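Trainee: Note that the protein sequences, when read in sequence, are chains Z and C. When we follow the numbering used here, the leftmost residue of the first sequence carries the number 83, and every step to the right adds one. When we follow the numbering used here, the leftmost residue of the second sequence carries the number 83, and every step to the right adds one.
What the hints contain is simulated information worked out from the structure, not anything from laboratory work. Heads up, a few of these hints could be off.
[What the hints assert, rightly or not] In silico DSSO-like links for lysine-lysine, alpha-carbon gap of 30 Å or less:
#, chain 1, residue 1, chain 2, residue 2
1, C, Lys358, Z, Lys358
2, Z, Lys136, C, Lys358
3, C, Lys182, Z, Lys202
4, Z, Lys195, C, Lys195
5, Z, Lys182, C, Lys136
6, Z, Lys182, C, Lys182
[What the hints assert, rightly or not] One-sided and incomplete, this derived list gives chain C residues near chain Z with beta-carbon spacing under 8 Å:
#, residue
7, Gly122
8, Gly152
9, Asn166
10, Met185
Since the model is a prediction, treat every value here as computed from it, not as a measurement. Backbone N, C-alpha and C fix where the C-beta goes; we use that ideal spot for every residue, glycine too.
Number of protein chains: 2
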Amino acid sequence: MKFSFTPLGCASALPTVNRFPSAHVLNVHERLFLIDCGEGCQMQIRRAGFSFLKISEIFISHIHGDHLFGIYGLLSTMSLLGRNSHIDIYAPGAFAGVLKSFMEHFGASISFKVNHIVVKCSEPKQIFETKKIEVMAFPLNHRIECYGYLFREKMPSRNVHKYKIETDSLTLYEIARLKEGMDVVRENGDMLINSEFTYQPYIPRSFAYCCDTAPFDKLPEYVKGVDLLYHEATFADDLKMMAKETFHSTATDAAQCAVDAGAKRLLLGHFSSRYKDILTILREASIVFNNSQAAEAGEEYHIDLVKPESL
Amino acid sequence: MKFSFTPLGCASALPTVNRFPSAHVLNVHERLFLIDCGEGCQMQIRRAGFSFLKISEIFISHIHGDHLFGIYGLLSTMSLLGRNSHIDIYAPGAFAGVLKSFMEHFGASISFKVNHIVVKCSEPKQIFETKKIEVMAFPLNHRIECYGYLFREKMPSRNVHKYKIETDSLTLYEIARLKEGMDVVRENGDMLINSEFTYQPYIPRSFAYCCDTAPFDKLPEYVKGVDLLYHEATFADDLKMMAKETFHSTATDAAQCAVDAGAKRLLLGHFSSRYKDILTILREASIVFNNSQAAEAGEEYHIDLVKPESL
């Protein structure tokens, strides 16, 4: 059951020869979520070997070009590839005008329905769910309306110990109830205590995307205990003032957020083109939060399945 | 005095891992003309080592996304790099709505004036000129309004033979008149016959861009005698019918145009993603027109300066 994050581009506003603008794929149980869609996203999706058809939801953080200009080509290509199932784009209200204009000028060639689901919240809010996962949006602190996204597995159904099925001759009905976490009273009055018959198969995993944002007090709380925190680190400490003025974060800011949130791992991205290599950024973050990594496009960052300690 | 063409992307509608959509730079005497601007154009410009600042004119063939979706990121990046001089975009009328919408949603960050010069003609028409070069637009035969562009050097000023300057004690006034191609009558009545004193320094060079288009009778006439013809070859002969239906050309069509136009060289591009390698396309074109090449992104195709035979 895969839970992995693949950055497709780690540049900030100015792409470079080696860095594409922001676009990322989150693979949760082989369902692909696209997070932001900067220019060249469709080429990077191909390069990373993802199937266009497996993408049904796109999450846009904010309406700045470096997070968005790939959407036109991506939708066109999906259509040329024969897509006919709809696509849902979660994005701030300002995306409506962009989408409308795109459909006006290029929509004749789009063979499927494109839904814009307006993201608007001032506190964390669930915006998407399936039986097994949910996505929360939460506000970020950028120059324009901007949202972060938290993807997490829901608490899984409990598994029934195999040996108990035999020793206690459990019926299908009883197994189903036990998996739902309920105790079961048998016709003869015996009580099957759930905790004696079942176990939690794995600990739900989570991933948070925070880009673009200046640091703010509530953010660590929004992403509390996340397994993998992707946080922008546009600048190093030398440009702390510029980070402040442009509502971005330094590597230190990102790392401090990871510390305050009690995140397990931190992945840094959205690097300013000023930094030809990002060793300084990585070094500064690592001083504050040891488990920091600098994102590399095309690299797949796995969040491994962990079973509860009691097992 | 450079005259060279650098394709930045040779894909047709569907980009692939190795092929970006249509975008090209024509370098005429170190002035850079951008021809079409598909997605990823700005990254390819960087990769090829061109300066964004040297681009002042953009020529858009038609309003299909694979020729255009890079314009948003390109303009944004030019602005971020501090551009303040205006840019002229030569494009069909339909571009107006696209530009208007872009400026509406992202224009606040654009620091310079973007002019749309509407291209509209049913016969070849001069749309741009400097002292040394001119650009002609001509209609193509595509599903929507679409133009080809012919770039050519004007006839250069004549050079005065150095030995004549000494032997005939030419004055600065006489040299200036002779360079303009005029005969000069001296005060003593002597006539300086231009052809005896001057020579043509080089033969004007030309480049034509024909993409996207189905073949049509008048096209070879429009690009008569061109030194380098860039012609789309979306399909090989196996998909001749599809070429016809979609108003594209096969490699054979492109080569036949080169033959009929008396072009010196043919450069094929805009390859369908169906063709993983383009050997078949190149082979089919070469049978009809020997001097054919398949365009490669990032490769600079030079048109060398040739002096008139009489020299």
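Trainee: Each hint: holds or not?
Mentor: Now for the hints, and whether the structure bears them out:
1. C:Lys358 to Z:Lys358: 33 Å, violated
2. Z:Lys136 to C:Lys358: OK: Lys136 of chain Z and Lys358 of chain C at ~23 Å, within 30 Å.
3. C:Lys182 to Z:Lys202: The given pair, whose Cα atoms are some 27 Å apart, holds under the 30 Å limit.
4. Z:Lys195 to C:Lys195: Violated, because 35 Å separates the two Cα atoms, which is more than 30 Å.
5. Z:Lys182 to C:Lys136: Cα-Cα ~34 Å, so violated.
6. Z:Lys182 to C:Lys182: 13 Å, holds
7. Gly122: 5 Å, holds
8. Gly152: Hint on Gly152 of chain C: holds, closest Cβ of chain Z at ~7 Å, below 8 Å.
9. Asn166: Check failed: Cβ of Asn166 of chain C comes no nearer than 17 Å to chain Z, outside 8 Å.
10. Met185: For Met185 of chain C, the interface hint is violated, since the closest Cβ of chain Z sits about 11 Å away, which is over 8 Å.
In summary, the numbered hints that this structure violates are 1, 4, 5, 9, 10.
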